[in-house]
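Asker: Position 126 (the sequence shown) corresponds to 126 in UniProt numbering; numbering is contiguous.
Heads up, a few of these hints could be off.
To be verified - With a Cα cut of at most 25 Å, we get these calculated SDA-like pairs of lysine to any residue:
hint, residue 1, residue 2
1, LYS89, GLN167
2, LYS3, GLN150
3, LYS104, TRP13
4, LYS3, PHE161
5, LYS126, ALA145
6, LYS126, GLN150
7, LYS17, GLU122
8, LYS170, ILE59
9, LYS3, ASP85
10, LYS23, ASN102
11, LYS23, TYR138
12, LYS153, HIS135
13, LYS23, GLY77
14, LYS104, GLN168
15, LYS170, LYS153
16, LYS23, GLU122
17, LYS17, TRP55
18, LYS3, GLN167
19, LYS32, TRP55
20, LYS60, VAL71
21, LYS103, PHE161
22, LYS153, VAL71
23, LYS170, GLN150
24, LYS105, GLY72
25, LYS17, GLU65
26, LYS103, GLY77
27, LYS17, GLN168
28, LYS23, PHE38
29, LYS32, LYS105
30, LYS17, LYS105
31, LYS103, ASP16
32, LYS126, LYS153
33, LYS89, GLY72
34, LYS17, ASP85
35, LYS17, LYS63
36, LYS3, GLN169
37, LYS17, ILE160
38, LYS153, GLU33
39, LYS63, GLU122
Read the hints as simulated data drawn from the structure, not as lab findings.
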Amino acid sequence: MEKPMQLLQFNTWANDKVFQHLKSLPADLYRKEVKSVFPSVSAVLVHMYQVDYVWLEAIKGEKFEDIIASVGPLYAGLQAASLEDMELKFNELDVEYNAFVNKKKDLSQQTIVHHPHFGTLETSYKDLIQHIVNHGTYHRGHISAILNQQGHKGASTDYIFYLYTLQQQKQTK
């Protein structure tokens, strides 16, 4: 399996671990506000989803101006979404990412992204996927910190735990 696809699968696995863990905790923790980088777990998930959405559209070749115009209406729906609704939205976005990656024959192929603030970037699809996965990892850490502030542990979503999970799955086949 190509590394970018494995990283996307890791991202899906890690997000799933977070959702499963959150569903095992008291429901009020999802929106409970704390003093942190983000005010709540729900705010982190909304941000993560928006960024994943934006980058999926960008790697598909959409213009950033058009993407940003679509984020406003998306944001309102995300704000109102329950934890279960957000999990479903993340799962649907994962399907779209996998479909895009499976269609690409060469993920090291160069693409150009025109960002209205940062300018033009020529990079590979695999580097953009790496960025998307790193972004998710960074913010899952925020979720763990917010949960810790409220007396609960976060989910163990380090990449090494994903690798151990893969190894265990191979051994049980």
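Asker: Hints broken by the structure, by number, lowest first?
Answerer: Hints 1, 2, 5, 6, 7, 8, 9, 10, 14, 15, 16, 19, 21, 22, 23, 24, 25, 26, 29, 30, 32 and 35 not satisfied by this model.
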